[in-house]
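Count the sequence shown with our numbering and you get residues 1 to 490, in order.
No lab work stands behind these hints: they were computed from the structure. Source: prediction; values computed, not measured. We treat Cβ as the ideally placed atom computed from N, Cα and C, and that holds for glycine. Treat the hints with caution; some may be incorrect.
Distance condition first, Cα-Cα at most 35 Å in a straight line; then the derived DSBU-like pairs of lysine-lysine [as the list claims (entries may be wrong)]:
hint, residue 1, residue 2
1, K216, K340
2, K340, K321
3, K422, K455
4, K363, K321
5, K340, K363
6, K216, K283
7, K363, K422
8, K321, K455
9, K321, K445
10, K455, K340
11, K455, K363
12, K445, K455
13, K445, K422
14, K363, K445
15, K321, K216
Now the in silico label distances, taken between C-beta atoms and shown as ranges [said to hold, decoys possible]:
hint, residue 1, residue 2, range
16, A51, P459, 51 to 57 Å
17, V277, A191, 37 to 43 Å
18, V115, L240, 47 to 53 Å
19, N388, T76, 51 to 57 Å
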Amino acid sequence: VNSFAERGWLTLNLAPIGNETRYHSPGDDVAALDPATLQHMGDQTLALTLALANSTPKASSGDRIFMDLAGRGLITLPLSLGVMVLVVLLLAFAMVSLRRGGLLRSAVTIVGTVVLSTMLSWLILAMIGAARQGMFWRAHPIWTHLAVYAATLFAATVLLATIGAGVERTRLRPAFWLTFLGIGGAIGLIAPGGIIFFLFPPLVLLIGMIASRWWKHAEHVGSIAAILFLYLTWGAMLGLLQELLNGGPMWIFAPLGALLIIPALIEARPLIAAAGVRNVAWKSGALTLAFCAISATVPAYSADREQRFIIQHVTDGSVHKSWWSVVNDGASLPYSGPWKRGELPFSDRPRWISAVPADAAAKAPAVQLLSQVAAGSERTLSIRLSSNGNEHVELIAPDDARIRSAGVGDFIRPIDQNEDGKFFIDCFGRSCDGVILQITTARLKPIRFLILGSKAPLPPSAARLLAGRPRFARPQYNRDESIVFSQVNL
Numbered sequence: 001v002n003s004f005a006e007r008g009w010l011t012l013n014l015a016p017i018g019n020e021t022r023y024h025s026p027g028d029d030v031a032a033l034d035p036a037t038l039q040h041m042g043d044q045t046l047a048l049t050l051a052l053a054n055s056t057p058k059a060s061s062g063d064r065i066f067m068d069l070a071g072r073g074l075i076t077l078p079l080s081l082g083v084m085v086l087v088v089l090l091l092a093f094a095m096v097s098l099r100r101g102g103l104l105r106s107a108v109t110i111v112g113t114v115v116l117s118t119m120l121s122w123l124i125l126a127m128i129g130a131a132r133q134g135m136f137w138r139a140h141p142i143w144t145h146l147a148v149y150a151a152t153l154f155a156a157t158v159l160l161a162t163i164g165a166g167v168e169r170t171r172l173r174p175a176f177w178l179t180f181l182g183i184g185g186a187i188g189l190i191a192p193g194g195i196i197f198f199l200f201p202p203l204v205l206l207i208g209m210i211a212s213r214w215w216k217h218a219e220h221v222g223s224i225a226a227i228l229f230l231y232l233t234w235g236a237m238l239g240l241l242q243e244l245l246n247g248g249p250m251w252i253f254a255p256l257g258a259l260l261i262i263p264a265l266i267e268a269r270p271l272i273a274a275a276g277v278r279n280v281a282w283k284s285g286a287l288t289l290a291f292c293a294i295s296a297t298v299p300a301y302s303a304d305r306e307q308r309f310i311i312q313h314v315t316d317g318s319v320h321k322s323w324w325s326v327v328n329d330g331a332s333l334p335y336s337g338p339w340k341r342g343e344l345p346f347s348d349r350p351r352w353i354s355a356v357p358a359d360a361a362a363k364a365p366a367v368q369l370l371s372q373v374a375a376g377s378e379r380t381l382s383i384r385l386s387s388n389g390n391e392h393v394e395l396i397a398p399d400d401a402r403i404r405s406a407g408v409g410d411f412i413r414p415i416d417q418n419e420d421g422k423f424f425i426d427c428f429g430r431s432c433d434g435v436i437l438q439i440t441t442a443r444l445k446p447i448r449f450l451i452l453g454s455k456a457p458l459p460p461s462a463a464r465l466l467a468g469r470p471r472f473a474r475p476q477y478n479r480d481e482s483i484v485f486s487q488v489n490l
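From just these sequences and the hints, can you work out the full model?
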């Protein structure tokens, strides 16, 4: 999708969401996928193909926002209508909250729950992480999620029983949904499509509030219906995020989960008040500690959810130094020797590094400058790559290189100047050897490029590392490979 973004094509990207730990790894195969997921994806792809084959799709006027409803339907709205509904709901709940009073204490209780649960979850996970390096939750993330949600439950019940002790449900309800809508508005400024998740639950409650003029139980029924709708929409999205954000940070699920937990506890407000602060704190605290204990003791990795573990032999051809590099989740290594955590010049990713004798046979790719044409404040370089036996060639330029475009032949890709960070130009395969690359930069002075080459397999000396790789560990997102790099001015 990103490779052809500049061509303005309509791209439909269908992909199943499942076990992220298998993604881009040797375990990423059809046998590991859920049959129901494959059936659902196949049904959707077939329906889409038939629709495209039978008619030409028409472009809709304006942007639309959409939301899946329990996998059974798709709710779509014009973005302009969604923004209008959000503003109306904000004004309505602000008016109700001000009329009923208690807004300050209600807001402190609700916002305090979000903040306290986030801080508490971060502290709990930091303490477990200090004892268990790496992604200790990878094999059984459910226990860490439950620990985070239990900590959120603890924070919410304690604050409801203390700060919110004298605030009735009829005041807490509108205050929560006003806060909820405010969060939705803030998210809408960054990702407008996200506001659809914040529209329907408060709308359901507002209908109940209006209907309570004729039936006194309508508001309570509307509140329960709003919570159920919230679980079907926001809860479903949260479940997917638990898979997508398997790599952490896990404390992020505290504020996300709080938006589900708080409205339910508001309805349980009389029960919390009757139980008392001490009883509520003891029980919810004990539940949190129980889930933390389980999370701290269950195995970190399993056959289905293996540890990311990439072994690399790295050589700096400019200074003739070599290292073993292991990219993993930060867990300690099963190898002896002087290993330390650090970074290498071609990547900001922390890794385990151990110096080894230089590999004199390793050759970095070479670059030959064929031409250089200056036009005003820009330079266009024409260079020939020589892979020197590497299967992957990469040019890395510093973030001040101001590269405008790069490409081969007729395919010259413009580069978004609003993006920050280094510039990466990649070439894969045998065709990289001898290819002529064109680069246009807005910098007239020479640019210090790092040129990197990689190939499989690892050298024979890696046999000890390969044999000692943990049982439940495999490469992910990158392969085991030999890497060599050098630097050149262009």
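Each hint tested on the structure:
| no. | hint | in the structure |
| --- | --- | --- |
| 1 | K216 <-> K340 | 67 Å, violated |
| 2 | K340 <-> K321 | 16 Å, holds |
| 3 | K422 <-> K455 | 23 Å, holds |
| 4 | K363 <-> K321 | 12 Å, holds |
| 5 | K340 <-> K363 | 26 Å, holds |
| 6 | K216 <-> K283 | 34 Å, holds |
| 7 | K363 <-> K422 | 24 Å, holds |
| 8 | K321 <-> K455 | 18 Å, holds |
| 9 | K321 <-> K445 | 29 Å, holds |
| 10 | K455 <-> K340 | 24 Å, holds |
| 11 | K455 <-> K363 | 11 Å, holds |
| 12 | K445 <-> K455 | 32 Å, holds |
| 13 | K445 <-> K422 | 17 Å, holds |
| 14 | K363 <-> K445 | 27 Å, holds |
| 15 | K321 <-> K216 | 78 Å, violated |
| 16 | A51 <-> P459: 51 to 57 Å | 52 Å, holds |
| 17 | V277 <-> A191: 37 to 43 Å | 39 Å, holds |
| 18 | V115 <-> L240: 47 to 53 Å | 25 Å, violated |
| 19 | N388 <-> T76: 51 to 57 Å | 53 Å, holds |
Violation of the numbered hints given earlier is confined to hints 1, 15 and 18; the remaining hints are satisfied by the structure.
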